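Undergrad: Take these sequences, add in the hints, and give me the full structure.
Quick note on my numbering: the sequence shown kicks off at 1135 and runs consecutively.
Hints were generated in silico from the structure; no laboratory data involved. On a predicted model such as this, the values are computed, not experimentally measured, just so you know. Ideal Cβ placement from N, Cα and C applies to all residues, glycine included. A portion of the hints provided could be inaccurate.
[Said to hold, decoys possible] Straight-line Cα separation of at most 30 angstroms, DSSO-like style, residue types lysine-lysine; simulated pairs:
1) LYS1224 with LYS1194
2) LYS1143 with LYS1224
3) LYS1143 with LYS1194
[Unchecked claim] Label-pair distances were calculated between CB atoms; the ranges are:
4) ILE1234 with LYS1143: 25 to 35 angstroms
5) ALA1168 with ARG1141: 38 to 48 angstroms
6) ALA1229 with PHE1147: 14 to 24 angstroms
7) VAL1200 with ALA1239: 20 to 30 angstroms
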Amino acid sequence: MQAGHERAKWIEFADQPFFSLADFIAESKGKTGAELEEIQQRYWPAGTDGNGITRMRLFKDPDGAVGLSLRDTDGVERIRLVVDAEGGAKMIMTARDGSIWQQPAAPAT
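TA: In structure tokens, the structure reads:
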């Protein structure tokens, strides 16, 4: 992604799609219009991309930060490691119960 001189880059690793592409191709062959849309909705339900769950992401943000995001089998981020553009490091871990551990600790509010 690029906006002016700022760029964001990433590499994602995902679980396999939750359906067979061969089945989709076979079922949709020769279909058009509403019939094809109905088949597509079954394979790619609203709110999903059909490509499986992103489990790991290496990234570089436009602000110069780089990091690693690790997600569980539901796609929920559990560990995030970030080094900001100034060299500051941060690690955030989120447990299944929603509790968060962060270093350095988040400022008190």
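Undergrad: Please go over all the hints and tell whether each is borne out by the structure.
TA: Here is how each hint holds up against the structure:
no.	hint	verdict
1	LYS1224 with LYS1194	15 angstroms, holds
2	LYS1143 with LYS1224	19 angstroms, holds
3	LYS1143 with LYS1194	5 angstroms, holds
4	ILE1234 with LYS1143: 25 to 35 angstroms	27 angstroms, holds
5	ALA1168 with ARG1141: 38 to 48 angstroms	41 angstroms, holds
6	ALA1229 with PHE1147: 14 to 24 angstroms	22 angstroms, holds
7	VAL1200 with ALA1239: 20 to 30 angstroms	22 angstroms, holds
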